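Colleague: Each chain, letter by letter, is given below.
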Amino acid sequence: AQSSEPSSGNKTSDSSATVSTEIDTVQVGILHSLSGTMAISEVSLRDAELMAIEEINAAGGVLGKQIEPIVEDGASDWPTFAEKARKLLQQDKVATIFGGWTSASRKAMLPVVEQNNGLLWYPVQYEGMEQSPNIFYTGATTNQQIVPAIDWMLENQGKDIFLVGSDYVFPRTANKIVNAQLKAKGGTVVAEEYTPLGHTDYNTIISKIKAEKPDAIFNTLNGDSNVAFFKQLKDAGITPEDIPVMSVSVAEEEIRGIGTDVLEGHYAAWNYYQTTDTPENKTFVENYKAKYGEDRVTGDPIEAAYIAVYLWKEAVEKAGSFEVDKVKEASDGIEFKAPGGVVKIDGETQHIYKTVRIGEVQADGLFKEVWNSGEQVKPDPYLKSYDWAEGLSQE
Amino acid sequence: MIKKYSQGAYYGVFFLMLLVAPLLLSEFRMGLLAKFLCFAIIAVGISLIWGFTGILSLGHGVFFGLGAYCMAMYLKLEASPSGIPDFMEWNGITEVPFVWTLFKNPVFAILAALLLPFIIAVVIGYFTFKNRIKGVFFSLISQAVVVVTVTLFIGGQHITGGTSGLTNFFTVFQVPLADPATKQTLYFVTVALLAIIMGVALLLTKSRFGRLLIAIRDGENRLRFLGYNPTFYKVFIYALSAAFAGVAGALFVLQVGIITPEMMGIIPSIEMVLWVAIGGRYSILGAAIGAILTNTAKSFLSESYPDFWTIFLGALFLIVVLYLPNGLAGLVEQLKMKFSKKEKVKEAKQSEADTLVS
Amino acid sequence: MSVIISQLFNGLSLGSILLLIALGLAITFGLMNIINMAHGEFIMIGAYTTYLLQQVFVQHLPKTLFDYYFILAIPLSFIVAALIGLIMEKTIVRFLYERPLDSLLATWGVSLILQQTARSIFGAPNVAVVAPEWLNGGLAVAGLTFPYKRLFIIALVFISILLLFIYLYKTSSGRRMKAVTLNREMASCLGVSTRKVDSTAFALGSGFAGIAGCSLTLIGSIGPTLGTSYIVDAFMIVILGGVGKLKGTILAAIMLGVLSTFVELSTSATIAKVIVFAFIIIFLQWKPTGLVNVKVRALD
Amino acid sequence: MKPILSCHDVVVDFSGFMALQGVNLDVETSGVLFLIGPNGAGKTTLLDVICGKTRATGGEITFKDEISLVKLQEQKIVEAGIARKFQAPSIFLHLTPFENLEIAMKQKKKLFSILFAKLTDVQKDKINTMLRKIGLFEVRHEKAGSLSHGQKQWLEIGMQLIQEPTLLLLDEPIAGMSGEERTKTGELILEISKECSVLIVEHDMDFVRKYSTQVVVMHEGKVLCQGEMKDIQENEEVKNVYLGRSG
Amino acid sequence: MLHVSHLQAGYDETIILRDVDFEVPKGKIVGLLGRNGVGKTTLMKVLMGLLPMKNGNIQYEGKKLKKERPEHRARSGIAYVPQGREIFSDLTIRENLLLGMEALPKSKRSANIPEEIFTWFPVLKEMIDRKGGDLSGGQQQQLAIARALISNPKLLLLDEPMEGIQPSIVQLIQDVLVQIAKEKEMGIMLVEHNLDAVLSCADQFYILDRGRMVMSGSCDEIKEEDLQRHLAV
Ligand SMILES: Nc1ncnc2c1ncn2[C@@H]1O[C@H](COP(=O)(O)OP(=O)(O)OP(=O)(O)O)[C@@H](O)[C@H]1O
Ligand SMILES: Nc1ncnc2c1ncn2[C@@H]1O[C@H](COP(=O)(O)OP(=O)(O)OP(=O)(O)O)[C@@H](O)[C@H]1O
Ligand SMILES: NC(N)=O
Ligand SMILES: [Mg+2]
Ligand SMILES: [Mg+2]
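Line order of the protein sequences matches chains A, B, C, D and E.
In this text, residue positions in the first sequence follow my numbering: the first is 1, and each later residue adds one.
In this text, residue positions in the second sequence follow my numbering: the first is 1001, and each later residue adds one.
In this text, residue positions in the third sequence follow my numbering: the first is 2001, and each later residue adds one.
In this text, residue positions in the fourth sequence follow my numbering: the first is 3001, and each later residue adds one.
In this text, residue positions in the fifth sequence follow my numbering: the first is 4001, and each later residue adds one.
Incorrect hints may have been included.
Distance ranges between label pairs, derived from CB positions [stated by the list, open to error]:
1) C:Ser2172 - B:Glu1333: 29 to 37 Å
2) A:Glu294 - B:Val1020: 41 to 49 Å
3) E:Lys4223 - B:Lys1130: 58 to 66 Å
4) B:Gly1083 - A:Asp242: 45 to 53 Å
5) D:Arg3055 - E:Lys4064: 54 to 62 Å
6) B:Gly1083 - A:Lys159: 20 to 28 Å
7) A:Glu294 - C:Asp2067: 20 to 28 Å
8) C:Ala2278 - B:Ser1026: 39 to 47 Å
9) D:Arg3055 - E:Lys4223: 23 to 31 Å
If you are wondering where the hints come from, they were derived from the structure by calculation, not from laboratory data.
Given the structure is predicted, the values throughout are model-derived calculations rather than measurements.
We put the beta carbon where it would ideally sit given N, CA and C, even for glycine.
The shape of chain A in the complex, shown without the other chains (with noise of 0.2 Å):
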């Protein structure tokens, strides 16, 4: 039995005054594109969440809640992510949602879920600079991503960078923090090209690449266009060994899109892959494969799709409650033994500790880690302890 106000309440929740034995479910709200541009991404992080909700039922559910997921579709359109995001919280009052894979999906979430006082469950990584007290982000931000892969590419690959992206928020974002960040460490970006979600032409683009020579790319294209990009550049004659490719955007799911022989030996950065080597993820890998089929592969962004559903119930546990204050006052501190590693829930940001690996890409399409940080991450979205990055945020 839980205490509840109507502001944060939830079906179940109502029913402290009358305790039926009835109601012994607790509704979630999942939201992802499952049509449109997105659903090539997205449809697997659905399908993580609702494994992790399977597994938590079967093992007695949530406070003795069964969790009963609403799956809505966020068709690529973030109109729509906020549409049904207030349908989630408003109509079917769920104790929280999970959802969202772009950072314009999660903007267009952001002043809907503050509005209701509902509970986000971010598991993309992104550009930081953000911290809303409604949102838990379960991907990485810059400082588990990007500063430490760009750090990676100047020790081991070069000094002239060559930065391509989608023409959006997060790779915007990107590449000024990268920029800082080489300006201070002595390399240099050769170039910025941006191309529109969903490009296909990359052959001027690797034209400038021709030209510039860089030592290596980094890449931050979304989507469709890491397929178009990496295959043109295969035909350019433009192998990892002259200049190699760092993403950050794409992972095992995307690599099997693209086809595993033009991306061999080329780097992402990530915080988990299907190859990270604990017992936990030895697991997931296997149950997620028996659910969904032997040609499915994990990644990241699932991964981190599929913590989120359990911190939540560690959260909620903790509490005791579904109340949105008290799973969040609850959160801090709260570990998890994720499939990546150990996790933890950073309170005063809401964003959690990983451990950032660099992979590159093998044969088989799955990733070789080369190089990981060790211990966990300290999760930084203002990037506060870093100098160069003085100016960047204006909070």
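Position chains B, C, D and E with the ligands against the provided structure of chain A, taking the given hints into account.
Modeller: Coordinates of chains B, C, D and E with the ligands only, in the frame set by chain A:
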């Protein structure tokens, strides 16, 4: 006479339903309905240019978006305590661009939401219509305008907010937007504006001007040889419908709280035309109802079948276009005809018999 | 100099891809006046057909044969897309010949259905097609490399156009097609079987989309939304060239390809896109019926 | 008498094909001028050039002695007082005959005048009179699309008349009309010709004989000869290229 | 060769032809007269299969015609010159004429246009590679007739074929029609307002009014007052 009366009755029932709706709907559903009413305003404008004048614009999203952005800029400034919108800070902008400063003034923002689409439509319309670009050529040019606008808005993200668009507003005229009272007021304002716009549209179509629009649809070159310059008429009606879309955009932002470049894109622009096709392109009321019903169906389908709803929606579009070429309004008309026809046939038989006798 | 040559090649290559995706539309839209918004989905069908054929080769045939799958994939993509086009013509498009603008709306519905169906069958994530070995690498001439894939696509486009030209202008079947698209009723009064001609034409247009899809697997992604990224460009090319004018379509595609690559070289992809579409708008103001235009005596 | 319209050396070149090769023609202020000539002689083209549908490649056309037509926009030419009926009927199919006439009627045709136009009783009477004149009063509220070919022709003539033009160009106005209706049309034309000059293209020689004041014969883009019908009939060359043995 | 009885047809709900009976014998030219809007064109469309009949009986060469599509009727030997010409404006004259041969069995189609056509319509030969749409009205009309004749039909439906054609050629066409009706045993149905033309070449006539054939007979014995009665407004 009877026809006029019955048409008035339809309108009466329609607005009566809109007025009692808040009593019956939950807060969320009412929010949705308010959004659909904004769409209905766009639909009325599209019916004017498409159904009556024969201009198929596949780029009305642009005008909707411009209206929405005008309003959103004002809201965003009001929601930025530091004076600089959050996304500009992320983009390292330290001073609000001049264009933005104008939108601090709500009156300017509202006027701009109305006039900017109008003016842009006048410019686009004047050149394309003067150069006698018609039919599908015009439709595809309007799509090209969409592509240019959307690409510019996404590319100019330091001043437009890029793909993410503008969102995270708190107040309008210092009143909290999330307040139920504000929402209710906005709803009634939308209903009132819809009524005004439908009224204007009706007046226009019932007048000689309306018949001229139909003449343009049937053969605008013919009209030139009767001493008219169809260009001005087309520009006017096109710009008017653009202004309607702009008004709808401004209302949309107030109630939905977000506008993105994709909302101006090709897909929404085509969907707008589909609402009108479903409702009945030759009927003002039909178009408005089409917008409301189609979007209701879309919401309902996507909530009930998140995995397959686009299949159902596609099938709905397909079936309506195939089997109801004049939309729901056409269907109603057909049914009415059926009833009255029976009587007419009887009459005709009677008169024929008379002539045979005489 | 070498930059100019390589950019010219890039432009030609982009142009040939644009042409390939527009070729089918030049028939269904240019000749038949059907605004087929599902054209992109036929491209997608061609791409998935190629993917499936690749899977068959990988799983059921000896490795040595793998290099030949792509040769087989071209006609197969054509056939599959043409067949689905045929079904679509018989069940939907047939009712829309007198209502070209409505065809846009109905086929939009079809496009939604096909996309989601593909997602249900193949899953939401992209799938990969591995190019045959002989298409990897490039031709090195005077310090420049011309990727074989690009050369291959250019050749493929060239052959497709040649065949289409012969069909339309040298055969009686092509003449019937033009007659039916110009005046369906009268053609039937002369003894032309309009239904057969309509189906053939639509299937042909869809088939070309299939070939486009097949070749796009060499350079881009294969997913349910593949078609949406190309559909607008394809329409613009047909319009710019002049509806119903094959020559115009070819010119327009190459013009846009070259323009786009050169603008992008000196600016950015975003600006290039804006300029190319602005160019289309302005060009049509100047020549309202496209590059190669038709004069008609009729009043409207 | 001064001509109301004079064409001077008008040339039209359709990318190589010279449809008009220097036409010189004067139209008098009143009376019915018939334009005849073999198929393809350039009669329709000449009317097209006068009303601005086709642009002349060379030459000059002056209306009322002062207005040069060759560069004027179509609607400006109409404003100046030239009305034109096309060879194939082109009316507004989705409007009723009444509405067709309402739009064609002489009035201010600027956007804002139309926007606030009201149908006055005078106008209504005028339209109804015209409807009776062209025999469409009974069907005045039916959609024009369902009229027969002949009825459409009539409607179009009505639309020209109600503009009260100074010069009326008619391209085969009696095409598709039966005997009685031809006579009626002829009477109508005679009546109009009192107030404005009429230039008619026609192939029906009986009709020409009956209603013509003057006849101009065109051949291969040029004016072959001009005169009264009874003289023209006897012209050997006209017989050869146009009339044939029956004449 | 063509017997029509109790034919009823119209558009949607409106009935135009109420009860039409007539016949076209082999080798004869039958003139069909009637005021504007009585349904002559409608009748042609029904015969050609462009418009469904609501009721009645059409017997062509001993077979009943029901729902055959126009192309089947064309191939069985019915040719049609519609009111309004309907030529293919974007195709050349040659292509237009070649299309006229579509109704012939494959073996009889040729890539060349029979000279005969050009002897009747020399202007078509001069302009053979010009676009149909560029032709003048009368030239288009000639093309439409030529296109119908080229398929050697058994039954020729002509809807106001002389419209817009210069007198000398009208004369010629009349001669040609009379000649081929005889030589080729062609049945010709001629809708024409030009009374003289009908009377000078047709063998029989019918007058259509109020959805019925109100009068018929041989052209030689037609009476002026009957014509007046039925054709006057
Ligand atoms: N757009 C065009 N392109 C090429 N030739 C054309 C064009 N328009 C007309 N012509 C040609 O110009 C000539 C004159 O045509 P026009 O229509 O003026 O003849 P007309 O005297 O009206 O004949 P008719 O009595 O048959 O109506 C014709 O030979 C025609 O083929
Ligand atoms: N598409 C249509 N829909 C409805 N009614 C039509 C249609 N076409 C013709 N009609 C009506 O059918 C009647 C007969 O028309 P039809 O064209 O057959 O007449 P017609 O005898 O050929 O006349 P004309 O001598 O003027 O060519 C007319 O009253 C006309 O209003
Ligand atoms: N957060 C991202 N990848 O948009
Ligand atoms: Mg003419
Ligand atoms: Mg007729």
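Colleague: So, for every hint listed, does it hold in this structure?
Modeller: Hints versus structure:
1. A hinted range of 29 to 37 Å for the beta carbons of Ser2172 of chain C and Glu1333 of chain B is inconsistent with their spacing of about 45 Å.
2. Taking the beta carbon of each, Glu294 of chain A and Val1020 of chain B are about 57 Å apart, not inside 41 to 49 Å as hinted.
3. Taking the beta carbon of each, Lys4223 of chain E and Lys1130 of chain B are about 60 Å apart, inside 58 to 66 Å as hinted.
4. Checked against the given bound of 45 to 53 Å, the beta carbons of Gly1083 of chain B and Asp242 of chain A, roughly 48 Å apart, stay inside it.
5. At roughly 55 Å, the beta carbons of Arg3055 of chain D and Lys4064 of chain E sit within the given window of 54 to 62 Å.
6. Between Gly1083 of chain B and Lys159 of chain A the CB atoms are about 39 Å apart, so this pair departs from the stated range of 20 to 28 Å.
7. Hint check: Glu294 of chain A to Asp2067 of chain C, Cβ distance near 27 Å, so the stated range 20 to 28 Å holds.
8. Roughly 46 Å separates the CB atoms of Ala2278 of chain C and Ser1026 of chain B, a value that falls within the hinted 39 to 47 Å.
9. Checked against the hint of 23 to 31 Å, the pair Arg3055 of chain D and Lys4223 of chain E fails, with Cβ atoms roughly 53 Å apart.
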